[in-house]
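J.: Spelled out from the first residue to the last, the chains are:
Number of protein chains: 2
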Amino acid sequence: MHAIFLEELEKLNKRFIDLGLQVSEQIYLATKSFIDHDRDLAKQVIETDQKINDRQIAIVEESLKLIALQQPVATDFRKIIAISNASTDLERLSDHAESIARETIRVKGEQRIIQIETEIEAMALQVRRMLEQVLEAYLRGDQDLARDIARLDTEVDRRHHQLYNLIVGAMKRDAKTVTADTSYLTVIRLLERIGDHIINVAEWVIYRETGKITELAFKEDNK
Amino acid sequence: MHAIFLEELEKLNKRFIDLGLQVSEQIYLATKSFIDHDRDLAKQVIETDQKINDRQIAIVEESLKLIALQQPVATDFRKIIAISNASTDLERLSDHAESIARETIRVKGEQRIIQIETEIEAMALQVRRMLEQVLEAYLRGDQDLARDIARLDTEVDRRHHQLYNLIVGAMKRDAKTVTADTSYLTVIRLLERIGDHIINVAEWVIYRETGKITELAFKEDNK
Numbered sequence: 001m002h003a004i005f006l007e008e009l010e011k012l013n014k015r016f017i018d019l020g021l022q023v024s025e026q027i028y029l030a031t032k033s034f035i036d037h038d039r040d041l042a043k044q045v046i047e048t049d050q051k052i053n054d055r056q057i058a059i060v061e062e063s064l065k066l067i068a069l070q071q072p073v074a075t076d077f078r079k080i081i082a083i084s085n086a087s088t089d090l091e092r093l094s095d096h097a098e099s100i101a102r103e104t105i106r107v108k109g110e111q112r113i114i115q116i117e118t119e120i121e122a123m124a125l126q127v128r129r130m131l132e133q134v135l136e137a138y139l140r141g142d143q144d145l146a147r148d149i150a151r152l153d154t155e156v157d158r159r160h161h162q163l164y165n166l167i168v169g170a171m172k173r174d175a176k177t178v179t180a181d182t183s184y185l186t187v188i189r190l191l192e193r194i195g196d197h198i199i200n201v202a203e204w205v206i207y208r209e210t211g212k213i214t215e216l217a218f219k220e221d222n223k
Numbered sequence: 001m002h003a004i005f006l007e008e009l010e011k012l013n014k015r016f017i018d019l020g021l022q023v024s025e026q027i028y029l030a031t032k033s034f035i036d037h038d039r040d041l042a043k044q045v046i047e048t049d050q051k052i053n054d055r056q057i058a059i060v061e062e063s064l065k066l067i068a069l070q071q072p073v074a075t076d077f078r079k080i081i082a083i084s085n086a087s088t089d090l091e092r093l094s095d096h097a098e099s100i101a102r103e104t105i106r107v108k109g110e111q112r113i114i115q116i117e118t119e120i121e122a123m124a125l126q127v128r129r130m131l132e133q134v135l136e137a138y139l140r141g142d143q144d145l146a147r148d149i150a151r152l153d154t155e156v157d158r159r160h161h162q163l164y165n166l167i168v169g170a171m172k173r174d175a176k177t178v179t180a181d182t183s184y185l186t187v188i189r190l191l192e193r194i195g196d197h198i199i200n201v202a203e204w205v206i207y208r209e210t211g212k213i214t215e216l217a218f219k220e221d222n223k
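Line order of the protein sequences matches chains F and B. Anchor point for the first sequence: position 67 equals 67 in UniProt numbering, and the numbering is continuous, going up by one each time. Anchor point for the second sequence: position 46 equals 46 in UniProt numbering, and the numbering is continuous, going up by one each time.
Excised from the complex, chain F in its bound form (with noise of 0.2 Å):
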């Protein structure tokens, strides 16, 4: 019994991370496709959000079935329940990636601001690094990774903060740049979620270590 537990359990974090990486793919087309108004690559950004959606909704019912039939105690079974939940937070990374693509498909070449678009590049590789360093914390079962990652997140957010700034003020000296600096606005703030919910990630790599429930976002500072 324990040895098909077992089996099952070792199928299920494999495409836990399998979910993960593709995640990250997801997140990286989607700022390039925004970056380079390319609205090809980014419906094929939208498509593939579904895929990941179906993904994510099949693992959550093989774990909870996994549950059901086998009645997983202790360690075990915080182990099911970390996959579960985690893959509803990779799930909901991915939707704000379709929600970049999605502003690519909006926007229409309208006045860029190159310097705003490199940074947003750069916020862009911020996140997936932490989504890397998630799903290592994960395989590892390493909890000083995972704590490590609302250090990482911070910085996101004062990326975030400037960036911000930057864009209102270019809206303020040039109304043309307005339809464009929304745009940004919205980029950045989703961006700026996918941290957060990678953060969400890390508090059950930590459950699943110790059985608590931790919250490791530090409070932001009113930005």
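Calculated from the structure, these hints are not laboratory results.
Cut-off 27 Å, straight-line C-alpha distance, at most; resulting in silico cross-link-like pairs (BS3-like, lysine-lysine):
#1 B:Lys14 with B:Lys51
#2 F:Lys11 with B:Lys212
#3 B:Lys14 with F:Lys212
#4 B:Lys11 with F:Lys65
Since we're looking at a predicted model, the values are computed, not measured.
Assemble the complex: chain F is given as a structure, and chain B must be docked to it using the hints.
T.: Using the frame of chain F, we list chain B on its own:
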């Protein structure tokens, strides 16, 4: 054994509904603080959010403990999983309300546009109706009522779309309103996200009744 389980379940249900009502109050107070430029009220919302976080963590811990100790099956199992997951969504609603309150503190007596503020108030009322409906669906175990939430969310999305255009128009016309407008955009985005999270709660109500994980949200058209 089952009697103890039912008693514990009843307590958890009550705590879940209380949490939902408190979150609804937070959405109301946060929007009110924003419209009234009432920083004291905003601070109160931010403080209450911390208490809501603590209460939600306690509900999740209690739920997981109950599963681990009592090993419920079938419907009983689903009831606990639904509480645990839906309470996580409620907590995120509260986080968004808190972000609205932080926006109140951030804006500093900037030029205001009354028409937009009235619309924002109406939008907040709409999302609170969605929340009340989902709590009622939860209490009654009424899947049809839960499914109907998606329709209400479409109306919230429509209002978001209209307001978005109104605000961007205001920005282009008068650079002096840019700071307030940016704030308006943040708040309507947060209210729209609150609507999305309420959909997630409705999905957990349906899971509890059917055992199936359903996606209720209509895909947004390119707004």
